[in-house]
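I would like the entire structure built from these sequences, with the hints used as guidance.
Protein chains: 2
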Amino acid sequence: MKEVKVGLIGFGTVGQGVVKLLRENQKDIMARVGGKISLAGVADQDWKRPRKVALEKKLRRKDARQLINDPEVKIIIELVGNFPGVKEMILDALKAGKWVVTANKALLAKYGDEIFSAAKKYHSEIYFGASVAGGIPILRALREGLCANRIQSIYGIVNGTSNYILTRMQEANLDYSAALKEAQEKGYAEANPEADVEGIDASHKLAILIRLGFGVSLPLEKIFRRGISRLSHLDLQAASELEYRIKLLAIARESNGLLEARVHPTLIPENSILANVRGVYNAVYVKGNFVGPTLFYGPGAGMDATASAVISDVMELARNLLQGRPAGRVKPEGYEALNPHQLKLRPMEELIGPYYLRVWVLDQPGVLARISGILGKNKISISSVIQRETREGNSVPLVIVTHQALEKNIQKAVKEINQLKVVLNPVQLIRIATELE
Amino acid sequence: MKEVKVGLIGFGTVGQGVVKLLRENQKDIMARVGGKISLAGVADQDWKRPRKVALEKKLRRKDARQLINDPEVKIIIELVGNFPGVKEMILDALKAGKWVVTANKALLAKYGDEIFSAAKKYHSEIYFGASVAGGIPILRALREGLCANRIQSIYGIVNGTSNYILTRMQEANLDYSAALKEAQEKGYAEANPEADVEGIDASHKLAILIRLGFGVSLPLEKIFRRGISRLSHLDLQAASELEYRIKLLAIARESNGLLEARVHPTLIPENSILANVRGVYNAVYVKGNFVGPTLFYGPGAGMDATASAVISDVMELARNLLQGRPAGRVKPEGYEALNPHQLKLRPMEELIGPYYLRVWVLDQPGVLARISGILGKNKISISSVIQRETREGNSVPLVIVTHQALEKNIQKAVKEINQLKVVLNPVQLIRIATELE
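In order, the protein sequence lines correspond to chains A and B.
Throughout, the working numbering is defined as the position within the first sequence, counted from one, plus 1323.
Throughout, the working numbering is defined as the position within the second sequence, counted from one, plus 1323.
Where hints are given, some of them may not hold.
The list treats identical chains as one, so a pair stands whether inside a single copy or across any two.
As the list claims (entries may be wrong) - 25 Å max Cα-Cα, derived PhoX-like pairs, lysine-lysine: (1) K1328 <-> K1654; (2) K1350 <-> K1381; (3) K1443 <-> K1325; (4) K1443 <-> K1350; (5) K1359 <-> K1343; (6) K1654 <-> K1397; (7) K1385 <-> K1371; (8) K1350 <-> K1654; (9) K1667 <-> K1350; (10) K1444 <-> K1325; (11) K1328 <-> K1381; (12) K1444 <-> K1328.
I should point out that these hints are in silico values taken from the structure, not numbers from a laboratory.
Here it is as structure tokens:
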């Protein structure tokens, strides 16, 4: 029986899932790979922590170098997460001729260029299917299944935590902090939820999607980013009334030869398929110039689902090793590393689209006239207005949806509106995506 | 510049899409493949027919053999459809050492064993990503992206024509023949719609999905098949009232070690993501034992979308040819050709699930008691009942949803109910799928 030896670095949630999967699906894996994938060892700094998956003592290692330096080990699976020294570990593994599988989105988003060029230099492989949208094979779809297309747009719900919070805010009419608390109790949100709710995690995934879909290597700070923590359940209700849902979307879109790259809460039509992605699920909508609109849906995180993506990558590499196939069948970072269309980034102030504005105003005569006057002066025309009943004395939320407008003009108008004495809180501004089917 | 020559057989709708795509996305294709994919010629028997895509005279061939026998041609694209002689053409191309890309689902469903073993025998490749669900890379997902999983179930909306008809019956309250007529006028249904509306096309696709997902080679006649032509808009309305949608589903599901293989109209919960697949779109829901539920959505047919799938396959093969990689990286028919779990088919009468029954009865006292008595006698318990207002004199539609029941018992009960004098038409029986998320 032919065999490929694998070293696993990191025995956290996903690492345990990987070990469990290799055990439970061993028979299927062997039939599909044409040989055995066997675990040479698992490295973790802490073997005291209680774990769900048992691991025999002889497989436990304290130091990842024991695996990286083991000539028998052909594939290294890195599941350490975003810790110091991990980048060096991956680079050393590539240098040692190991083929590497990682789920480390933060690392790839920040140091993608360095890591991919090391893989090339050492004629090695780096696979990272688990880094975006967990178990959903979206990166493979961009790299292979849809490769005949020029990608036109990507809209991703790629952070399950924030999608869970938004779903609960909308469906159970919770406010943000109650929904967050619920997510934390269920283990869907961390004690410090910042990376999830402020769109940081989503921006890492967007950087990877942009690399594969558009062939553009984009520094993270170039991605416009807004989180969900300032949303009120009023916004989710008003969106519902207007037949929209609010989702935290990671958006990459080519418009008139420029690339938009942005993460922010977005109103999308309630009958679009993306609007029906609820709870912790993820989904990525991809539009190609020939295939048209497609959607890839599934669990975006979790021990088992992420292990599915990790091992699917390991299986491709193991099969190639067993068949004696050299590295480099496909470019790990996507085919368009050369950016053949020389796409440049669209500055955020040049974004064009409809907008949702919600503002608390004093319920006085002429307030709507003054606000719509400011919008008109800034070349923004109004598509619809909701003025709710007065609550809490004489303040009232006013919701305005605009027609297509320029972000620069919207920002200017918002500034002016915020200065009105009748406006009690800064305008809540949410962008609207209408092209979704 | 390195180059791979491709011969195209069949210049119908998809064939024209392929030529158009190769032209329009040439720059992207070259960047991704690392060389040029050039068209050596296009074979078609009829060059008089008007077409949407122009083709220079020097590329036109009357006889496919001119391409199959051309030693310069490395890849043959077969887009002839289900005509006599096509199987031989593909076998000859494989024998001649060509790598083959086809969208021919009927052929693969009927002669898969023969064609795949020829590919193996001649160390060749056969790719068929376009054969199921058009532009959606679902076969690639089963073969690679989800390959770490043991597949538990597949539920596919894989026939756009019938999904369009059902969507219109539900949303516009049309009856079947009006919705069919509309589909025909829009070019979504053929003059003779049988293959689409009777589930024949869907059963071909299901056979292919079963081969890839479960490793089982299933003769077409073993797939249980019911179409949508007997559905009434009453059923779609009643389903709506019960918070379901009706979809024509191709279902493959492992339950207690046996494989279910069936195509039929199915009630699914209206908030499931599959229920929100509208119009001519396709979607395939796949549940794996580690990844959990996933869904792949997109256009299931059409010139451009199908060309996307064909050329994505061609690009993988061309890249391998340019890099000097031999055939056989992955098994074309899926990894489980050996059926490692020795799955056997579940006889249809052993199916277990809830059922929807609709029956026109005379509005007389005791009718419901007699019908529910028959159900009870056959060990079928009732979950809910809708009795509509009387129309057309004294006949009335009665809708019953059962709890989990055995198909054999349901069939027996239906026979008995049909024999009641108060029953005016045979019972409309629709199976319900509840496990969809």
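Notebook entry, point to check: How would you label the pair K1328, K1381 (within, between, both, or neither) given a Cα cut-off of 25 Å?
Noted result: The answer is within: 15 Å in one copy meets 25 Å, while 54 Å across copies does not.
Note to self: Cα distance capped at 25 Å. Does K1443 pair with K1350 within a copy, between copies, both, or neither?
What the structure shows: Cα proximity of K1443 and K1350: across copies only (23 Å, versus 33 Å in one copy).
Item checked: Up to 25 Å CA-CA - K1325 versus K1444, copy category -> between (28 Å within a copy, 23 Å between copies)
Note to self: My question is about K1385 and K1371: at a cut-off of 25 Å on alpha-carbon distance, are they close within one copy, between copies, both, or neither?
What the structure shows: Result: close within a single copy only, 11 Å intra versus 73 Å inter.
Item checked: Intra/inter-copy verdict for K1443 and K1325 if alpha-carbon distance must be at most 25 Å -> between (27 Å within a copy, 21 Å between copies)
Item checked: Intra- versus inter-subunit Cα pairing at 25 Å for K1328 with K1654 -> both (24 Å within a copy, 22 Å between copies)
Checklist line | Copy assignment of K1359 with K1343, given that the CA separation must stay at most 25 Å | finding: Close inside one copy (15 Å), not across copies (44 Å); limit 25 Å.
Notebook entry, point to check: 25 Å Cα cut-off: does K1444 pair with K1328 within a copy, between copies, both or neither?
Noted result: Within one copy, since 23 Å is at most 25 Å while 31 Å is not.
Next item on the list: Tell me, please, which holds for K1667 and K1350 at an alpha-carbon limit of 25 Å: within, between, both or neither?
Entry: Cα proximity of K1667 and K1350: across copies only (18 Å, versus 48 Å in one copy).
Next item on the list: Could you figure out if K1350 and K1381 sit no more than 25 Å apart (CA to CA) within one copy, between two copies, both or neither?
Entry: within (23 Å within a copy, 53 Å between copies)
Note to self: Regarding K1654 and K1397, is the shortest C-alpha distance of 25 Å or less found within a copy, between copies, in both, or in neither?
What the structure shows: both (19 Å within a copy, 23 Å between copies)
Next item on the list: Go through the copies and call it for K1350 and K1654: within, between, both or neither, with a Cα cutoff of 25 Å.
Entry: between (30 Å within a copy, 17 Å between copies)
Comparing the model with each earlier hint shows no violations; every hint is respected.
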